[in-house]
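Trainee: Listed below, chain by chain, are the residues.
2 protein chains.
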Amino acid sequence: MYERLKKSLEEHVSLTNDEWELCKNSFRPKRMLKRQFLLQEGDICRELAFIEKGALYSYTVDSSGNKHVIRFAFDGWWMANLHSFFTGKPTRLNIEVLEDSELLVLDRKNHDVLLEEIPAYERYHRIIVQNAYVALQLRVENALGLTAEEKYARLIEQNPEFMNRVPLNLVASYLGMSPETLSRVRGNFGG
Amino acid sequence: MYERLKKSLEEHVSLTNDEWELCKNSFRPKRMLKRQFLLQEGDICRELAFIEKGALYSYTVDSSGNKHVIRFAFDGWWMANLHSFFTGKPTRLNIEVLEDSELLVLDRKNHDVLLEEIPAYERYHRIIVQNAYVALQLRVENALGLTAEEKYARLIEQNPEFMNRVPLNLVASYLGMSPETLSRVRGNFGG
DNA sequence: TCCTGTTCTTGACATATATCAAGAACATTT
DNA sequence: AAATGTTCTTGATATATGTCAAGAACAGGA
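Protein sequences appear in the order of chains A and B. The numbering of the first sequence is numbering that gives the first Met the number 0, which starts it at 0 and goes up by one. The numbering of the second sequence is numbering that gives the first Met the number 0, which starts it at 0 and goes up by one.
Source of the hints: derived by calculation from the structure; they are not laboratory data.
Since copy identity is lost for identical chains, a pair holds within one copy or between any two.
Calculated lysine to aspartate or glutamate pairs in the DMTMM-like style (CA-CA distance at most 20 Å, straight line): (1) 5 x 121; (2) 88 x 140; (3) 88 x 156; (4) 6 x 121.
In this text the structure is predicted, and so the values were computed from the model without any measurement.
Whenever a hint applies, use it, and build me the whole structure from the sequences.
Mentor: Below you can see the structure in the form of structure tokens.
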């Protein structure tokens, strides 16, 4: 149940056995089924979630009721709304389960304890957020001023797995275009 | 010369005098004039820059030669291309000076020393990146599926200073629209 | 104050993409 | 295997925004 988390930590830092035990015991396992919500608009995000297995995605809903996907997350990734988690303010995001999933969730109190007690955990967290920032910036670069075809081409190049694991209408939303447009673009391509 | 940096650190962590001295001495002051480049496409980003005073912006240039602004940064903010800084790969970004500026720059070696020697520095850096991530995610939320008017409205709400400090054509690029469109939207508004 | 360059506005027109609609392909449940 | 729901494709039409063009407003330097 904790293999993926352990692997993720070990990729970036080394922990003693005691540290790993403390860390491990700070998380609470949580199983979720497809279409369930980890977080809904207006909620306060009280937990960071590590995905042992499965897939989630976060999105906003606009005034016309259209979804806009912000991020997908798969096995071995983290998911949360950091803004809400750190400020305690209600979130504008929904986080929904895409495939039946096994999560490990960590509340703010335990997170803070780990940061205080285990310097390597703080380092791990710094690196994780750093990487998330880099990935998100790439997303911004790929969204600005590209045609629908170019956006699709970059997705195929950088995140080919999205096209397999995620329904087309959600990928379209992630790319900021309609499902029809993505479908047409994909046809011209041979993907 | 180091006031703003000190203030920024003190907002998030406490340092001993010795730690502050070590920190301070790791930076190199650098004055830059409007239109100079801190980084150009193809360069490797070798330094993190803290802006004591002034303003910078980062952007990509597409195949048609159009600029796409990724981010603005003002007094008290950090600017760099983290992807290039941490991987050592050439960047796709340009970072240009918007107003004559005073920077404090920190190379990778010194940054790593500070992370090792001063736990509070690592904490500071974690928090800074965390905040940058939150801000960037907000940018993504505000870019997806909004009309030109809605994007402008959110900018006025969340970053009113941009409209004063930055030429319109760059703000337009930041919002992912043409300068003409921004000009028209602004007319309808009373901004 | 004039001159030069940049920034901003406004109009006319073009186009990429959205929207609406209907059915085909596919998956899941009974 | 039938039934139900979801996902994907394709066509016709509408529209928000881009592009091109020209001049007005403004700023900084000589």
